[in-house]
Amino acid sequence: MNRDMSYQGVMSRKNEIMKKAVGIDYERFESKGIAFDYERMMRETGYSLQEIQRIQSETGVGNTPIYELKNLTALARKLAPKGKGARIFIKDEACNPSGSFKARRAATSIYHAKRKGYKGVIAATSGNYGAAVASQAAMKGLKCIIVQECYDSRGIGQPEIIEKARKCEAYGAEVVQLTVGPELFYTFLKLLEETGYFNASLYTPFGIAGVETLGYELAMQFRELVGRDPDVVVATNAGGGNLTGTARGLIKAGAYDVKIVGASVNLKGLHMASDTQFNRKSFTTGHTGFGIPFATWPDRSDVPRSAARPLRYMDRYVTVNQGEVFYITEALAQLEGLERGPAGNTSLAAAFALAQELDEDQIIVAQETEYTGAGKHIQPQLTFAKENGVDIIIGNPDEEVPGKNIILPSHPSQIKARDLDLDKIKKSYIKNCIETTKIDYLTKEDIDFLVEDTKSNEEFVKQILDELGVKY
Amino acid sequence: MNKAKKGDWVRIYNVVLKPEERAPQVPDDTKKVPLEMWVKGFLLNEEAKIGDEVEIETYIGRKIKGKLVEINPYYNHDYGKCIPELMFIGRQLRGILEDGEDNE
Numbered sequence: 008m009n010r011d012m013s014y015q016g017v018m019s020r021k022n023e024i025m026k027k028a029v030g031i032d033y034e035r036f037e038s039k040g041i042a043f044d045y046e047r048m049m050r051e052t053g054y055s056l057q058e059i060q061r062i063q064s065e066t067g068v069g070n071t072p073i074y075e076l077k078n079l080t081a082l083a084r085k086l087a088p089k090g091k092g093a094r095i096f097i098k099d100e101a102c103n104p105s106g107s108f109k110a111r112r113a114a115t116s117i118y119h120a121k122r123k124g125y126k127g128v129i130a131a132t133s134g135n136y137g138a139a140v141a142s143q144a145a146m147k148g149l150k151c152i153i154v155q156e157c158y159d160s161r162g163i164g165q166p167e168i169i170e171k172a173r174k175c176e177a178y179g180a181e182v183v184q185l186t187v188g189p190e191l192f193y194t195f196l197k198l199l200e201e202t203g204y205f206n207a208s209l210y211t212p213f214g215i216a217g218v219e220t221l222g223y224e225l226a227m228q229f230r231e232l233v234g235r236d237p238d239v240v241v242a243t244n245a246g247g248g249n250l251t252g253t254a255r256g257l258i259k260a261g262a263y264d265v266k267i268v269g270a271s272v273n274l275k276g277l278h279m280a281s282d283t284q285f286n287r288k289s290f291t292t293g294h295t296g297f298g299i300p301f302a303t304w305p306d307r308s309d310v311p312r313s314a315a316r317p318l319r320y321m322d323r324y325v326t327v328n329q330g331e332v333f334y335i336t337e338a339l340a341q342l343e344g345l346e347r348g349p350a351g352n353t354s355l356a357a358a359f360a361l362a363q364e365l366d367e368d369q370i371i372v373a374q375e376t377e378y379t380g381a382g383k384h385i386q387p388q389l390t391f392a393k394e395n396g397v398d399i400i401i402g403n404p405d406e407e408v409p410g411k412n413i414i415l416p417s418h419p420s421q422i423k424a425r426d427l428d429l430d431k432i433k434k435s436y437i438k439n440c441i442e443t444t445k446i447d448y449l450t451k452e453d454i455d456f457l458v459e460d461t462k463s464n465e466e467f468v469k470q471i472l473d474e475l476g477v478k479y
Numbered sequence: 006m007n008k009a010k011k012g013d014w015v016r017i018y019n020v021v022l023k024p025e026e027r028a029p030q031v032p033d034d035t036k037k038v039p040l041e042m043w044v045k046g047f048l049l050n051e052e053a054k055i056g057d058e059v060e061i062e063t064y065i066g067r068k069i070k071g072k073l074v075e076i077n078p079y080y081n082h083d084y085g086k087c088i089p090e091l092m093f094i095g096r097q098l099r100g101i102l103e104d105g106e107d108n109e
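Which chain is which? The protein sequence lines are A and B, in order. Under this note's numbering, the final residue of the first sequence carries the number 479; numbering is consecutive throughout. Under this note's numbering, the final residue of the second sequence carries the number 109; numbering is consecutive throughout.
Don't take every hint at face value.
Derived pair list, reagent style DSSO-like, types lysine-lysine, alpha-carbon separation capped at 30 Å [claimed, not checked]:
1) 72(B) to 197(A)
2) 21(A) to 36(B)
3) 37(B) to 126(A)
4) 36(B) to 126(A)
5) 411(A) to 36(B)
6) 126(A) to 86(B)
7) 11(B) to 21(A)
8) 275(A) to 72(B)
9) 72(B) to 147(A)
10) 72(B) to 126(A)
11) 123(A) to 45(B)
12) 11(B) to 197(A)
13) 27(A) to 11(B)
14) 26(A) to 70(B)
15) 197(A) to 36(B)
16) 37(B) to 26(A)
17) 27(A) to 39(A)
18) 275(A) to 37(B)
19) 121(A) to 45(B)
20) 147(A) to 36(B)
21) 10(B) to 70(B)
22) 197(A) to 68(B)
Derived from the structure by calculation, the hints contain no laboratory data.
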């Protein structure tokens with residue numbers, strides 16, 4: 008058996024390897040054109056919400072508490088115009104067994120892998136998902152390999168990623184640590200081929216359906232606690248699964264009127280695959296380096312069709328700056344007595360700013376928190392930033408330049424949620440659909456799909472097709 | 006300790022792709038350097054010293070070869086150094102909540 012193990016050789020076997028490692032025949036849901044039957048894929052390859060609740064409860068995942076952040080709300084009201092300042096709540100996902108909402112995603116994937124008779128699971132992740140997969144695999148008695156992008160070419164790694172490696176190893180997983188580069192995917196494929204393990208991808212229907220319980224619980228908890236659904240839910244957006252799953256869960260609970268806001272940390276100007284820029288960012292997830300490319304092209308993920316499709320559900324997309332998230336992380340600890348990891352507080356920083364636009368009787372929820380600890384805390388992260396030449400300044404966050412400085416707001420009134428042009432992102436997604444499929448004529452089915460996948464309308468889609476000079 | 010014996014917990018190193026073998030889409034600075042890998046496991050060789058080519062068995066039982074770089078590897082990440090820039094935040098927030106500063 009002399010397989011070609013070169014980069015090109017392994018990449019050319021991608022589809023064959025993936026089919027074995029995921030066990031989903033994506034072609035069943037695809038049309039000849041752009042359209043694919045997303046809902047049927049979710050229904051036929053995933054599990055029902057009730058099944059997932061049962062699966063997750065077996066390993067203690069879910070049913071995380073909700074806190075009303077009364078002091079942060081009071082602070083927002085001090086800063087807002089009279090009558091403004093919504094009640095701010097947080098869903099404490101750090102209470103999951105592995106310390107983040109990612110346990111929900113991992114629980115369903117690992118359950119499925121076990122049921123299908125796989126001996127082990129592999130996931131490519133530097134973040135909370137690795138810890139979640141390792142934790143769930145330990146509970147189910149499966150072997151686990153986590154592949155991490157960890158170091159730059161000087162062998163220097165961010166404390167947050169090193170901490171995640173520690174956590175994975177604590178659960179008995181093997182951690183393969185790599186330097187920077189998209190060829191992580193190549194190593195990942197080689198491992199899948201060699202071991203025959205299950206690809207616990209973040210982007211399968213199992214992973215996304217696993218987050219639906221978060222949205223569902225959220226609606227149910229609010230109905231019990233305050234007698235109604237929240238007005239706005241803010242989800243940190245990276246690969247899109249968190250937002251997609253939460254929104255789908257809210258819909259399944261019948262909470263149709265909740266506005267879904269995506270929030271990412273602004274890392275504009277930093278190239279994600281750059282060896283020299285790798286350690287000049289202080290957020291390894293929840294940032295625009297994932298948020299924008301995955302929103303404008305979800306199917307760039309490690310499975311043929313991503314089940315994370317945030318544009319289907321997003322009503323608004325905002326960014327916050329690194330310094331603002333660190334500030335709000337400190338505020339959460341100091342005012343609310345909750346010490347949580349910074350990345351998970353991205354949505355809270357946005358919610359704090361957005362609350363000031365809403366009326367006092369409205370409710371806004373930051374839908375996650377994550378665990379904190381050595382390495383994964385504002386102090387080691389800011390220490391690391393300083394050691395890598397990033398200036399820490401107290402000043403005006405509007406002047407922050409990612410990779411150059413981190414600006415802690417000198418006053419909480421400077422924390423802002425800056426709107427991204429969602430129509431522009433939708434347009435870019437449609438353009439990518441056309442460029443990738445090389446289709447020059449769109450059917451009614453294609454247009455209907457694009458309308459759904461961008462939460463827009465026929466007029467909007469047709470206007471963009473006209474601009475692009477594509478016939479329909 | 007720079008000598009390991011069979012069964013010791015060690016860390017190995019490998020070059021996965023040389024600079025010239027890297028993916029075409031990689032940015033220029035990344036293309037100048039190899040794709041490197043580190044894995045931990047139990048040493049399978051009878052004896053080895055730092056720098057030797059060795060074989061290990063990972064915690065889940067996979068066998069891999071590579072250069073021995075560390076014996077009994079440990080985590081040295083911590084809570085970082087003092088960040089004086091953070092020290093004002095809690096007091097500032099409590100001050101605002103206690104003293105007013107209403108925006109009317």
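Against the structure, the hints come out as follows:
1. Between residue 72(B) and residue 197(A) the alpha-carbon distance is near 20 Å, which keeps this suggested pair within the 30 Å criterion.
2. Distance hint between residue 21(A) and residue 36(B) is fulfilled; the C-alpha atoms sit about 22 Å from each other, no more than 30 Å.
3. Proposed proximity of residue 37(B) and residue 126(A) is contradicted: the alpha carbons are some 38 Å apart, above 30 Å.
4. As the CA atoms of residue 36(B) and residue 126(A) are separated by approximately 36 Å, the hinted pair breaks the 30 Å bound.
5. Distance hint between residue 411(A) and residue 36(B) is fulfilled; the C-alpha atoms sit about 23 Å from each other, no more than 30 Å.
6. In summary, the hint linking residue 126(A) to residue 86(B) is not supported, as the alpha carbons are separated by about 43 Å, beyond the 30 Å threshold.
7. Annotation: proposed proximity of residue 11(B) to residue 21(A) is violated, straight-line Cα distance about 37 Å (limit 30 Å).
8. Between residue 275(A) and residue 72(B) the CA atoms are separated by roughly 38 Å; this puts the pair beyond 30 Å, and the hint is violated.
9. Annotation: proposed proximity of residue 72(B) to residue 147(A) is violated, straight-line Cα distance about 33 Å (limit 30 Å).
10. For a cut-off of 30 Å, the pair hint linking residue 72(B) to residue 126(A) stands: about 28 Å separates their Cα positions.
11. Taken as a hint, the residue 123(A) and residue 45(B) pair is honoured in the structure, with Cα atoms around 29 Å apart against an allowance of 30 Å.
12. Between the alpha carbons of residue 11(B) and residue 197(A) the distance comes to roughly 27 Å, so the proposed pair stays at or under 30 Å and holds.
13. This hinted pair does not check out: residue 27(A) and residue 11(B) have alpha carbons roughly 36 Å apart, beyond 30 Å.
14. Of the pairs offered as hints, the one joining residue 26(A) and residue 70(B) holds, with about 28 Å between alpha carbons and a cut-off of 30 Å not exceeded.
15. The hinted pair formed by residue 197(A) and residue 36(B) meets the criterion: a straight-line CA distance of about 21 Å does not exceed 30 Å.
16. Restraint check for residue 37(B) and residue 26(A): not satisfied, since their Cα atoms lie roughly 34 Å apart, outside the 30 Å limit.
17. A threshold of 30 Å between alpha carbons decides the hint, and for residue 27(A) with residue 39(A) the separation of about 23 Å falls inside it, so the pair holds.
18. Between residue 275(A) and residue 37(B) the alpha-carbon distance is near 24 Å, which keeps this suggested pair within the 30 Å criterion.
19. For the given pair, residue 121(A) sits about 25 Å from residue 45(B) by alpha-carbon distance, which is consistent with the 30 Å threshold.
20. With a C-alpha separation of about 40 Å, the suggested pairing of residue 147(A) with residue 36(B) is violated against the 30 Å cut-off.
21. Under the criterion of a C-alpha separation no larger than 30 Å, the hint pairing residue 10(B) with residue 70(B) is consistent with the structure, at around 16 Å.
22. Between residue 197(A) and residue 68(B) the alpha-carbon distance is near 14 Å, which keeps this suggested pair within the 30 Å criterion.
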